[in-house]
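> In case you want the letters, here they are:
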Amino acid sequence: MKNLSLIPVLIVGALLVYAAQDFPEWGSPNSPASQSPVSSHFIANTGVDTEVPNMVTAVLADYRGFDTMFETVVVFIAGMAVLAILKKSGKKNPRKREFEVDAEPDLIVTNTVRLLVPVIQIFSFYVLAHGHVSPGGGFQGGVVMGASFILIALSWDLDTALARFPLDRCTVVAGLGIILYAGIGLLSMFLGGEFLDYAELANILPVSREMARYHAMLGVEIGVGLTVTAIMFSLYANLSTEGRLKGGL
Amino acid sequence: MIDWFSIVMGTALFLMMIPMVYRIWVGPTPFDRMLAVNVIGTKTAVLLVIIGTLFGRVDMFVDFAIAYALLNFVSAIVVSRYLNRTVSLRDMEEKEKAKEVEA
Amino acid sequence: MIHVQAVLPVVAEAVDKGGGIFPLQLIGFALGVLGLVFFLGTAVGMIRFPDFYTRMHAAGKGDTLSTMLMLAGFALVTMEDFSLGSWLLVVKIMAIVLFLYITCPTSTHALMRAAFEDDEMPLEEKDLAKRKKK
Chain A
1 MKNLSLIPVL IVGALLVYAA QDFPEWGSPN SPASQSPVSS HFIANTGVDT
51 EVPNMVTAVL ADYRGFDTMF ETVVVFIAGM AVLAILKKSG KKNPRKREFE
101 VDAEPDLIVT NTVRLLVPVI QIFSFYVLAH GHVSPGGGFQ GGVVMGASFI
151 LIALSWDLDT ALARFPLDRC TVVAGLGIIL YAGIGLLSMF LGGEFLDYAE
201 LANILPVSRE MARYHAMLGV EIGVGLTVTA IMFSLYANLS TEGRLKGGL
Chain B
1 MIDWFSIVMG TALFLMMIPM VYRIWVGPTP FDRMLAVNVI GTKTAVLLVI
51 IGTLFGRVDM FVDFAIAYAL LNFVSAIVVS RYLNRTVSLR DMEEKEKAKE
101 VEA
Chain C
1 MIHVQAVLPV VAEAVDKGGG IFPLQLIGFA LGVLGLVFFL GTAVGMIRFP
51 DFYTRMHAAG KGDTLSTMLM LAGFALVTME DFSLGSWLLV VKIMAIVLFL
101 YITCPTSTHA LMRAAFEDDE MPLEEKDLAK RKKK
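Residue numbers (my numbering), protein chains in the order written: chain A, 1 to 249; chain B, 1 to 103; chain C, 1 to 134.
Please note that the accuracy of each hint is not assured.
Capping the alpha-carbon separation at 16 Å, the derived lysine to aspartate or glutamate pairs in EDC-like fashion look like this [to be verified]:
| hint | chain 1 | residue 1 | chain 2 | residue 2 |
| --- | --- | --- | --- | --- |
| 1 | A | Lys88 | A | Glu25 |
| 2 | C | Lys126 | C | Glu80 |
| 3 | C | Lys132 | C | Glu80 |
| 4 | B | Lys95 | C | Asp51 |
| 5 | A | Lys246 | A | Asp157 |
| 6 | A | Lys246 | A | Asp67 |
| 7 | A | Lys246 | A | Asp159 |
| 8 | B | Lys97 | C | Asp51 |
| 9 | C | Lys92 | B | Asp59 |
Hint data in this document are derived by calculation from the structure and do not stem from the laboratory.
Model, not experiment: these values are computed from the prediction.
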């Protein structure tokens, strides 16, 4: 039966490879993506409008600001849903797994992680703040930052990580990220523009309208990064312990 | 010349990953499979740098390579920890059953 | 070669370009090829060695060393001029080298400890003899 299921997989794979022959060449100006007016508009105007060299970041955080904001809200809601479901069930039937073995933290692994965690966290800040120029941004930086806390939880135990980043603080930080994002949007609204129209921030910042969009994008990315970090860690802490927050993986 | 070197290196790396895939396919223990996955992961960081050299954007691809190496390390630690724990759970259950049989 | 050119424009560009070599890049090429040799050792070891611990020996050592050598080679190869940007690139690639130098042995150790606590015993001589009989 297991081998039988290989047949449709192979057929579909062959079809996909066959279809891939029709793809336009890499970087070809004749491909449909390059010919649509949208991409040529962004390529022509991003640098002029926002002074951000990385077009992807500009489109993500500025032109499509609504989309990214509600993506962040979706991440937040996912974290809160897991918290709401598992916290209750963890309290209701605290099934004591008698077989639970507390593995000793390994000396070599803990010392390596002790060395690496500051480096990883600085790298996450770099990814977050350098997202205007190189690939990166709030989501990626948040994931790397969350991975550093998960690494602490893995190499020692969950209590050590929770002592550094308690779960209620996770919730607060995650909410703070969204408030920061929406707050920048609302601020630009109060200053006379539309919601998430960052150019109006030039009224209070001592920079030009283009640079105001640049700096507002950085603030927005920081908000996204805060939310993603907190939600990643709280998801790990809840899912790996079924909401009991003890022991863990 | 640089591009030739990159192409040759990348192809050779890719070909030498086939033994690792064989080890993942055959590997008698889960640890063998995880070991091969780990080797492929570190080599993928090198492949990313090679691809960056080919495209002339090494400054971009180096960041990917750092992030990839980091996540590879995390995955190795996660899997070793997970296998360690589940195995000890299984052992404990067997011991428990043995106790019950004795009683 | 015509077929390859049709498939990948990057490859075609590389074929067309050519260009000169600096002595620093020659060292880089040598380092990269040396890394490939060590990785060949890893690949052969992963297939031919009889049990998990010997395979771990091949993978842990050869993989770390070959990755470091290859990355160092590419750091030298990409260093065309001694401008600030290329120095930054070399520092970044060396950061990956340092990172792998620390993390690869650690993950190998973690896997080995997990295997050892799983009562995965190393092969003994009689096991090898048994295997040969088969």
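> Does each hint fit the structure? Answer for all of them.
Evaluated hints:
1. Note on A:Lys88 and A:Glu25: the hinted pairing is violated, with a Cα-Cα distance of about 53 Å set against a maximum of 16 Å.
2. For the hint pairing C:Lys126 with C:Glu80, the CA-to-CA distance comes to about 57 Å; that exceeds 16 Å, so the pair is violated.
3. Distance check on the hinted pair: C:Lys132 and C:Glu80 sit about 54 Å apart at the alpha-carbon level, beyond 16 Å; violated.
4. A hinted pair counts as satisfied when its Cα atoms are at most 16 Å apart, and B:Lys95 with C:Asp51 does not qualify at roughly 27 Å.
5. Our distance criterion of 16 Å between C-alpha atoms is met by A:Lys246 and A:Asp157, whose separation comes to about 9 Å.
6. The suggested pairing of A:Lys246 with A:Asp67 is violated, with an alpha-carbon distance near 37 Å, which exceeds 16 Å.
7. With a C-alpha separation of about 7 Å, the suggested pair A:Lys246 and A:Asp159 falls inside the 16 Å cut-off, and the hint holds.
8. Under the criterion of a C-alpha separation no larger than 16 Å, the hint pairing B:Lys97 with C:Asp51 is inconsistent with the structure, at around 31 Å.
9. With a C-alpha separation of about 8 Å, the suggested pairing of C:Lys92 with B:Asp59 holds against the 16 Å cut-off.
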